[in-house]
Amino acid sequence: MNMTIWAICLTCIILILTESNAQESATREELNNRMLIWHNEVRTKLLLCQLPGQPQAKIMPNLTYDPELADKAQNWANNCTSGHDKNEDRKTSNYSYVGQNFAGSYYFQQGFNLWANEHTFYNYDGNSCQSGKMCGHYTQVVWANTKYLGCAYQNCTGNPNFPWGNSIICNYGEG
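With mature numbering (1 follows the signal peptide of the UniProt record, and there is no 0) applied, the sequence shown corresponds to residues -22 to -1, 1 to 153, in that order.
I should point out that these hints are in silico values taken from the structure, not numbers from a laboratory. Backbone N, C-alpha and C fix where the C-beta goes; we use that ideal spot for every residue, glycine too. Check each hint, because a few of them may be wrong.
The list that follows gives simulated cross-link-like pairs (lysine to aspartate or glutamate, EDC-like), each with its CA atoms no further than 20 Å apart [stated by the list, open to error]:
hint, residue 1, residue 2
1, K125, E152
2, K125, E2
3, K23, E96
Label pairs and their calculated CB-CB ranges [as the list claims (entries may be wrong)]:
hint, residue 1, residue 2, range
4, P33, S71, 30 to 38 Å
5, N53, I15, 22 to 30 Å
6, M112, E19, 14 to 22 Å
7, T5, C27, 19 to 27 Å
8, Q34, W142, 31 to 39 Å
9, E152, C107, 21 to 29 Å
10, N95, N123, 34 to 42 Å
11, N133, N101, 35 to 43 Å
12, P138, N72, 33 to 41 Å
13, P39, E8, 29 to 37 Å
14, N72, G110, 31 to 39 Å
15, T5, G110, 32 to 40 Å
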């Protein structure tokens, strides 16, 4: 009996450890389809005045996929580096200024939610963020002039300089 309990406990521990190291993967097309859905959901909520603490947007076009933006995002994601690259490195034939969001996360939606949930810290009237908080990722997600999106990721597991699993990058045209 004691041996059975020990085996069950050991199995549970292994399952917990395996789950905690699980990491999401997807093709570029799958990732961009999901990111477009998540971005457009937040943008639609803002347009319909359904985003708590935020005023209704007057215009908010749905985003469309741009493969060149995704290529540039992949170039940066491959580095497994925290933060953003330079605008010069992400300019495309269509956009002289390209916005960018970065997240390090094992899960894509969790990375996106880090950006979207910044709305709770953003003050539209003052175009400001609560002291000590970040809002720039959220404002990029809902920037009304942005019409195109291209995202990419790199599995950075095992990189001692990048402990967050996936490097997730989205580029926005015009940023």
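Evaluated hints:
{"no.": "1", "hint": "K125 to E152", "result": "holds (7 Å)"}
{"no.": "2", "hint": "K125 to E2", "result": "violated (27 Å)"}
{"no.": "3", "hint": "K23 to E96", "result": "holds (15 Å)"}
{"no.": "4", "hint": "P33 to S71: 30 to 38 Å", "result": "holds (35 Å)"}
{"no.": "5", "hint": "N53 to I15: 22 to 30 Å", "result": "holds (24 Å)"}
{"no.": "6", "hint": "M112 to E19: 14 to 22 Å", "result": "holds (21 Å)"}
{"no.": "7", "hint": "T5 to C27: 19 to 27 Å", "result": "violated (35 Å)"}
{"no.": "8", "hint": "Q34 to W142: 31 to 39 Å", "result": "holds (34 Å)"}
{"no.": "9", "hint": "E152 to C107: 21 to 29 Å", "result": "holds (22 Å)"}
{"no.": "10", "hint": "N95 to N123: 34 to 42 Å", "result": "violated (22 Å)"}
{"no.": "11", "hint": "N133 to N101: 35 to 43 Å", "result": "holds (37 Å)"}
{"no.": "12", "hint": "P138 to N72: 33 to 41 Å", "result": "holds (37 Å)"}
{"no.": "13", "hint": "P39 to E8: 29 to 37 Å", "result": "violated (23 Å)"}
{"no.": "14", "hint": "N72 to G110: 31 to 39 Å", "result": "holds (36 Å)"}
{"no.": "15", "hint": "T5 to G110: 32 to 40 Å", "result": "holds (38 Å)"}
Going through the hint list in order, the structure does not satisfy hints 2, 7, 10, 13.
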